[in-house]
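Take the sequences, apply the hints, and build the full model.
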Amino acid sequence: MSAADLSQFDYERDGNQIVLNMGPQHPSTHGVLRLLLTLEGEVMKDVSPDIGYLHRASEWIGQHRNYAQVTPYMSRLDYVAASAQEFAYVEAVERLAGIEVPRRAQYARVILAELTRIASHLLWWATFGNDLGATTVFLYGFRERERVLDLIELMVGARLTHHSYRIGGVAYDVPVGFRERVLDFLEYLRPKLGEYDALLTGNKILIERAQGVGVLPPDQAVAWATSGPVVRGSGVAMDIRRSDPYSAYPDFDFDVVTHDGCDVLSRYLVRMGEIRQSMRIIEQAIKRLPSGPFMAKLPKVFRAPAGDAYGRVETPRGDFSVYVVGDGSGVPVRVRLRSPCFANLQALPVMAHGQKIGDLVAILGSIDIVLGSVDR
Amino acid sequence: MSEPSEQNKQHTADSETDPRVDALRASFPQAILDAAKKGKQLVLKVSGGALVPLCRQLRDDAAFRFDYLADLTAVDAADGLRAVYRLYSITSGDYAQILVPLDESNPRIASVSSVWPGAIWQEREAFDMFGIVFEGHPDLRRILLPEDWIGHPLRKSAEGKEPKE
Amino acid sequence: MKETGARTLATWLGRFGLPGWAGDVARMLIAAVAVLVLLLLVVLFLVWLERKVSADIQSRMGPARVGGRFGPLQTVADAIKLLLKEDLIPAQGDRWLFLVAPAIVFLPAYMALVTVPFSDRLVAKDLGVGVVYVVAVLTLPTIGLIMAGWASNNKYSLLGGIRAVAQLVTYEVPFVVAILCVVIMADSLSLTEIVRVQSEQGWFIFRLPLMLAFLIYLIGALSETNRLPFDLPEAESELVAGYHTEYSGLRFAMFFLGEYAMQFFVAALGALLFLGGWSGPWLPGEFWFLIKAFGLILLIMWIRWTYPRLRIDQVMHFGWKFLLPVSLLDLVWTAAWGLWRSGVK
Numbered sequence: 013m014s015a016a017d018l019s020q021f022d023y024e025r026d027g028n029q030i031v032l033n034m035g036p037q038h039p040s041t042h043g044v045l046r047l048l049l050t051l052e053g054e055v056m057k058d059v060s061p062d063i064g065y066l067h068r069a070s071e072w073i074g075q076h077r078n079y080a081q082v083t084p085y086m087s088r089l090d091y092v093a094a095s096a097q098e099f100a101y102v103e104a105v106e107r108l109a110g111i112e113v114p115r116r117a118q119y120a121r122v123i124l125a126e127l128t129r130i131a132s133h134l135l136w137w138a139t140f141g142n143d144l145g146a147t148t149v150f151l152y153g154f155r156e157r158e159r160v161l162d163l164i165e166l167m168v169g170a171r172l173t174h175h176s177y178r179i180g181g182v183a184y185d186v187p188v189g190f191r192e193r194v195l196d197f198l199e200y201l202r203p204k205l206g207e208y209d210a211l212l213t214g215n216k217i218l219i220e221r222a223q224g225v226g227v228l229p230p231d232q233a234v235a236w237a238t239s240g241p242v243v244r245g246s247g248v249a250m251d252i253r254r255s256d257p258y259s260a261y262p263d264f265d266f267d268v269v270t271h272d273g274c275d276v277l278s279r280y281l282v283r284m285g286e287i288r289q290s291m292r293i294i295e296q297a298i299k300r301l302p303s304g305p306f307m308a309k310l311p312k313v314f315r316a317p318a319g320d321a322y323g324r325v326e327t328p329r330g331d332f333s334v335y336v337v338g339d340g341s342g343v344p345v346r347v348r349l350r351s352p353c354f355a356n357l358q359a360l361p362v363m364a365h366g367q368k369i370g371d372l373v374a375i376l377g378s379i380d381i382v383l384g385s386v387d388r
Numbered sequence: 203m204s205e206p207s208e209q210n211k212q213h214t215a216d217s218e219t220d221p222r223v224d225a226l227r228a229s230f231p232q233a234i235l236d237a238a239k240k241g242k243q244l245v246l247k248v249s250g251g252a253l254v255p256l257c258r259q260l261r262d263d264a265a266f267r268f269d270y271l272a273d274l275t276a277v278d279a280a281d282g283l284r285a286v287y288r289l290y291s292i293t294s295g296d297y298a299q300i301l302v303p304l305d306e307s308n309p310r311i312a313s314v315s316s317v318w319p320g321a322i323w324q325e326r327e328a329f330d331m332f333g334i335v336f337e338g339h340p341d342l343r344r345i346l347l348p349e350d351w352i353g354h355p356l357r358k359s360a361e362g363k364e365p366k367e
Numbered sequence: 003m004k005e006t007g008a009r010t011l012a013t014w015l016g017r018f019g020l021p022g023w024a025g026d027v028a029r030m031l032i033a034a035v036a037v038l039v040l041l042l043l044v045v046l047f048l049v050w051l052e053r054k055v056s057a058d059i060q061s062r063m064g065p066a067r068v069g070g071r072f073g074p075l076q077t078v079a080d081a082i083k084l085l086l087k088e089d090l091i092p093a094q095g096d097r098w099l100f101l102v103a104p105a106i107v108f109l110p111a112y113m114a115l116v117t118v119p120f121s122d123r124l125v126a127k128d129l130g131v132g133v134v135y136v137v138a139v140l141t142l143p144t145i146g147l148i149m150a151g152w153a154s155n156n157k158y159s160l161l162g163g164i165r166a167v168a169q170l171v172t173y174e175v176p177f178v179v180a181i182l183c184v185v186i187m188a189d190s191l192s193l194t195e196i197v198r199v200q201s202e203q204g205w206f207i208f209r210l211p212l213m214l215a216f217l218i219y220l221i222g223a224l225s226e227t228n229r230l231p232f233d234l235p236e237a238e239s240e241l242v243a244g245y246h247t248e249y250s251g252l253r254f255a256m257f258f259l260g261e262y263a264m265q266f267f268v269a270a271l272g273a274l275l276f277l278g279g280w281s282g283p284w285l286p287g288e289f290w291f292l293i294k295a296f297g298l299i300l301l302i303m304w305i306r307w308t309y310p311r312l313r314i315d316q317v318m319h320f321g322w323k324f325l326l327p328v329s330l331l332d333l334v335w336t337a338a339w340g341l342w343r344s345g346v347k
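The listed protein sequences derive, respectively, from chains A, B and C. When we follow my numbering, the leftmost residue of the first sequence carries the number 13, and every step to the right adds one. When we follow my numbering, the leftmost residue of the second sequence carries the number 203, and every step to the right adds one. When we follow my numbering, the leftmost residue of the third sequence carries the number 3, and every step to the right adds one.
One thing to keep in mind: the hints can contain errors.
As the list claims (entries may be wrong) - In silico DSS-like pairs for lysine-lysine, Cα to Cα no more than 27 angstroms straight-line:
hint, chain 1, residue 1, chain 2, residue 2
1, A, Lys299, A, Lys204
2, A, Lys216, C, Lys323
3, A, Lys368, C, Lys157
4, A, Lys204, C, Lys54
5, A, Lys368, C, Lys323
Stated by the list, open to error - What the simulated footprint calls covered on chain B by chain A, stretch by stretch (three residues with Cβ under 8 angstroms from a Cβ of chain A suffice, anywhere in the stretch; the number is not a length):
hint, segment
6, 261–272
7, 276–286
8, 318–330
9, 348–357
Treat the hints as calculated values from the structure; they're not laboratory data. Yeah, the Cβ is synthetic: ideal placement off N, Cα and C, and Gly gets one too.
The structure is reproduced here in structure tokens:
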């Protein structure tokens, strides 16, 4: 097991180098992120992320609101994949309180989570293409994402901040006619994905920009606690839906997509593969949706028992984990939000060291961060 | 398996005897205050002293293989301030939770960044929010709050304090 | 406008008691103004065209309100907006360089366009060494770019300027070599002559070595005009706006105009060198010329909206290690082809 290379912090600057400040306002930092680059010509010697510009004290809020009031804040963390965070939180609270969620609600949760995953990956694809100069990809990605958001809006009433996961189930039942709409959408998306593979994935310029860039060897990936497509792009098959299944995921048949390249291209391919796997899961879930209640019976005033519990979920960006500590009252003692983007961003200097500034944008895009999740 | 000791008698009700834990106790007799196993998760209450070698053992030992630091944080509860680590083993799928009670007036603990570099930012955040000083950390400074912020917001005794300019 | 036009003008002006050379001067002024006006109109049109073409590729509508259903006056509105903006000049930068740079980027395209024959009758000034003049003038914008990059006192701009120079210098060579292939084939440096040869013998692009030269020319043209996949100097997503980050208002407009003017120019030149210029059946020559030039522009736009961009070292690698050797081989091939054909005769 290799030790951490902490010597990168003993860094000294000499006369040939310039320090370039990228952000917090910048077209490609995907939010308010500040990167301090030490450049020698075009080569990056050091990348130092400076975060906290979007810190909204979500964990502090978790200590000052009751359990139900904390739920909406979860969708505002990674606002691109809102439902994923809510999933983790309700899982944690339900584990703490020993609540059994009805099957129908479990399936509805999975469907919404996978739709969110598709929407999130489409947004990632759009912005990744745009960062590399393929502006048209941006438009196409958002066009498809609009369709997913339409479906989500049908189910939940909102496009971006869903707040449909409640403690004990889901707020709204699966609407009438939803099954047909979803299956139509899957039919529509399948050939489109093939088109997009032809447009961007197979493009020689993309391969030049992405292959061999931002390499993160698997042992480093694990040592730096990266997760999601970043770690699966380094060949490590850790997908919480498979390794530590939650909710209704054991019922479904899907593959864990990994690639061995350890570079930007690998992570790209992992995400494209995951869209297809999500489509599989949604199809199975919507076809086998059980009937029954969509919310468990809970007391009017909800109090969680003393103790602690984790809710760990595979969001589109990785391993999102909520740690809830209760003391028997209606307000949590601690709501800890372990964000995948925070952990993945930490590995940026490792991936970017020695690469060129033009690669930085590709590498940052391949990590796929949302500052709302990094800063919480 | 091992001889019953004072510490063994303090096990919580739902624990099972786990030979690995017993081996761990043998290596770190003073450090492990309590050990229990809940489902897939091994819960260890540990005193701060031998934290780093203990973590290294948990990471490298073939019986454990906790190569992934799933979470590193702190909790300020009625029964005191404690650091909470969650480890995960990609190979076996097991979890370990390590709880380290801290001195509220001067919380200090060894940094595990030499064991898992992924701890670096997590420890900075714990420092930022709770004021815990991680000894041996390569770059201990605030990460989310501005550099000149005064106070540590997630401490119960210091909640809602405005920064003094 | 040829000699007859000048003499008529001289005679007419003579009635006002002006000496003979006044006619020449008047003719030159009129030609210069005409080309400038044409260039500005074309550029306005091109900006609108770019937005419509990109919109179509991206399943959007593009400008659709200003001046009617197709938004033709959108560019005019944008130009007015730019002119009304606050004129910012970096306090710490080199003021004179900063002010002059946009002009140096815009003017060469105009200077070159003056020698371009729009038809066998319509050319502002026909130079016997047209190709040499054009190629020389086309290198000038590079200076403007590095001036802008340096004078802005901004690291992003400087990086953009440096990239621009590296890229332009690299691709200038294969670009010129490709043009040389045409010169060899036509046995003349004059643009009018090159077109005339094609109108008699068929378009040059249909001759194999020149088909390759055309591709090289196209790639070189994309680089000269900083178009994707070679738009690194202004790579939005990396350097905010590269060398023109600090420019606003009129000066930014001039960069913008300069870019599109260059695009029109390389397309026009490409049409002349490879596509037979103004030759074509039953429509007047000017129309054919414009159709071909705009055809190339559409191709350039299509490429821009499809591909991602290359990284600067990949651009350099491709230019020096691939394109340059290929263009030199093409030159030899063209020469051999020409020899063989004249030998056969």
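Against the 27 angstroms threshold, does the CA-CA distance of A/Lys204 and C/Lys54 hold or violate the hint? holds (23 angstroms)
Coverage claim, chain A over the segment 261–272 of chain B, checked by counting residues with Cβ within 8 angstroms (three needed): holds (count 6)
How does the segment 276–286 of chain B fare against chain A when you require at least three residues with a CB closer than 8 angstroms, holds or violated? Coverage by chain A holds for the segment 276–286 of chain B (5 residues, Cβ < 8 angstroms).
At least three residues with a C-beta closer than 8 angstroms to a C-beta of chain A: is that true for the segment 348–357 of chain B? Satisfied; 3 residues make the cut.
Is A/Lys216 close enough to C/Lys323, meaning Cα to Cα at most 27 angstroms? holds (17 angstroms)
Keeping to a limit of 27 angstroms between CA atoms, is the pair of A/Lys299 and A/Lys204 held or broken? holds (22 angstroms)
Hey, A/Lys368 versus C/Lys323, does the alpha-carbon distance stay inside 27 angstroms? holds (20 angstroms)
Check the hint pairing A/Lys368 with C/Lys157 against an upper bound of 27 angstroms on the C-alpha distance. Measuring from Cα to Cα gives roughly 16 angstroms; hence the hint holds.
Count the residues of the segment 318–330 of chain B whose CB lies closer than 8 angstroms to any CB of chain A, then report whether that count reaches three. holds (count 8)
Taken one by one, the earlier hints all hold for this structure without exception.
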